[in-house]
Amino acid sequence: MIDVKGLTKSFGDHLVLDHIDEHIHQGEKVAVIGPSGSGKSTFLRCLNLLEEPTSGTITFEGVDITDPQTDINKLRSRMGMVFQQFNLFPHLSVRENICLAPVKLKLMTKDQAEERAQELLKRVGLPDKADAYPKQLSGGQQQRIAIARALAMNPDMMLFDEPTSALDPEMVGEVLEIMKELADDGMTMVVVTHEMGFARSVATRVLFMDKGKIAEQGPPEPFFSAPQHPRLREFLSKVL
Amino acid sequence: MDWLLDQLWQTFIEKDRWRYFANGMAATLEITVLALILGTIIGVLVAVVRSAHDSQRGNKKGLGHALLGVLDGLCKLYLTVIRGTPSTVQLLIMWFILFRWADSSSMLWVASLSFGINSGAYVAEIVRSGIMSIDLGQTEAGRSLGLTYGQTMQFIVIPQAVKNILPALVNELITLLKETSVCGFIGLTDLTKGAMIVQSRTYSPFVPYIAIAVLYLIMVLALTSLLGLLERRLRASDRR
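Quick mapping for you: the protein sequence lines, in order, are chains R and P.
Its first residue numbered 0, the first sequence is counted upward by one per residue in numbering that gives the first Met the number 0.
Its first residue numbered 0, the second sequence is counted upward by one per residue in numbering that gives the first Met the number 0.
Treat the hints with care, as some may be off.
[Unchecked claim] In silico DSS-like pairs for lysine-lysine, Cα to Cα no more than 27 angstroms straight-line:
| hint | chain 1 | residue 1 | chain 2 | residue 2 |
| --- | --- | --- | --- | --- |
| 1 | P | K162 | R | K109 |
| 2 | R | K121 | R | K103 |
| 3 | R | K134 | R | K121 |
| 4 | R | K73 | R | K4 |
| 5 | R | K103 | P | K162 |
| 6 | R | K105 | R | K73 |
| 7 | R | K134 | P | K162 |
| 8 | P | K162 | P | K177 |
| 9 | R | K103 | R | K73 |
[Stated by the list, open to error] Computed footprint of chain P on chain R; a stretch qualifies when at least three of its residues, placed anywhere within it, have a C-beta under 8 angstroms from a C-beta of chain P:
| hint | region |
| --- | --- |
| 10 | 77 to 90 |
| 11 | 98 to 107 |
Hint data in this document are derived by calculation from the structure and do not stem from the laboratory.
All residues carry an ideal CB built from backbone N, CA and C; glycine is no exception.
Throw the hints in and build the complete structure from the sequences for me.
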């Protein structure tokens with residue numbers, strides 16, 4: 000589904016991603032873990048070109064998205080993204096937040112989008128918040144709305160950039176619950192996270208990043224119970 | 000007291016001299032409003048070009064990037080020249096050089112054009128500061144949904160920026176209104192020129208000049224209270 004070849008990203012002299020090769024298949028739920036500064040967020044942000052790779056190619060559904068000729072906006076509309084800081088639009092109501100992109104990109108009429116918004120709000124457990132504004136909601140609620148907003152585009156794939164890191168501890172569960180349901184529905188997901196429990200129970204594959212490289216990867220079972228790489232062992236001993 | 004009544008009579012009533020004030024005020028307001036509209040359009044366009052150029056990272060290859068570079072250069076030149084020369088001089092150049100064959104009936108339009116171009120430079124920098132004040136996450140959220148840079152600006156960033164910069168824009172409007180008082184230099188009968196004409200007839204400066212000072216003050220107060228109303232409406236979403 001998404002194929003990464005020789006992905007390198009540097010900010011000035013600082014090499015953040017070092018020739019990463021990776022393939023993510025349809026339906027996979029990939030958790031990306033690693034110490035801060037290891038490049039995991041940058042890796043995720045390269046997948047929808049929020050960061051422009053310094054070199055390497057990324058192919059999504061058969062199209063090379065790093066080719067300057069590619070219409071990146073079309074591809075981004077098929078990849079949903081959820082941010083650490085939610086990034087809801089504060090000047091718009093929840094309903095408008097969800098409907099904005101599908102309507103402006105003419106994928107749906109206003110009525111269709113509003114109907115879909117209501118459906119999605121029900122799905123994330125906030126059916127009565129359509130007319131609320133982001134500032135009136137808790138962090139957990141905002142993040143659930145942000146997930147609904149991304150889903151409104153009917154994406155083929157969802158990217159999560161530390162979706163629970165900015166939340167109060169008691170709100171982490173509600174967001175992870177929505178993500179788990181999404182995973183159970185068969186959505187292809189790439190999740191940068193510090194929630195090892197989530198990575199263990201939901202992911203089909205876990206990537207450990209260190210110093211711009213994928214140092215170790217595998218299905219969660221051997222990955223967490225029998226880590227090979229010394230850096231991973233050290234990392235897990237600190238976070239588990 | 001008798002002196003003042005006599006002066007008032009001479010200034011306003013005798014030979015219907017009040018018309019100089021009424022017509023002058025109409026001209027002043029007309030130029031201000033036209034220049035405001037033009038200045039806002041120029042300002043927003045220049046600000047968007049400058050921000051788009053500044054927000055580019057990484058490799059700057061391709062025709063689009065080159066074009067943006069040229070546009071950005073032109074915008075910078077415009078800002079430098081317009082902000083670096085007095086608006087009076089710009090008005091003189093506009094009327095006596097660039098539009099030297101123009102009919103005197105089009106004087107008001109040329110003055111509006113001149114002040115609009117002048118105001119646009121200041122509005123551009125105000126709008127740009129507003130755009131920069133909006134968290135980058137807002138742009139990223141918009142782009143990640145598949146919206147283009149322009150759509151993200153139009154529906155997400157600029158609406159939020161306007162709220163932040165409204166006080167500065169009101170300030171610019173006040174400056175603009177008062178700056179039009181130099182229109183007399185090209186022979187345009189605005190409010191100030193009207194008062195000068197009346198003074199040249201009555202040989203008495205006191206009442207005409209105090210009167211136009213009061214009239215300018217009233218116009219400024221009216222405009223600011225109107226925009227204050229708008230600001231309160233825009234702020235309403237913050238308190239919800």
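Comparing the hints with the structure gives:
1. P:K162 - R:K109: Roughly 26 angstroms separates the two Cα atoms, so the pair holds.
2. R:K121 - R:K103: Since the Cα atoms of K121 of chain R and K103 of chain R sit roughly 23 angstroms apart, the hinted pair holds (cutoff 27 angstroms).
3. R:K134 - R:K121: holds (20 angstroms)
4. R:K73 - R:K4: Distance of about 21 angstroms is within 27 angstroms: holds.
5. R:K103 - P:K162: Holds: K103 of chain R and K162 of chain P sit about 22 angstroms apart, inside 27 angstroms.
6. R:K105 - R:K73: holds (12 angstroms)
7. R:K134 - P:K162: Distance ~16 angstroms between K134 of chain R and K162 of chain P Cα, so the pair holds.
8. P:K162 - P:K177: holds (24 angstroms)
9. R:K103 - R:K73: Roughly 13 angstroms between the alpha carbons, so the hint for K103 of chain R and K73 of chain R holds.
10. 77 to 90: Held - the region 77 to 90 of chain R has 11 residues with a Cβ nearer than 8 angstroms to chain P, which meets the minimum of three.
11. 98 to 107: Since 4 is at least three, the answer is holds.
When held up to the earlier numbered hints, the structure conflicts with none and fits them all.
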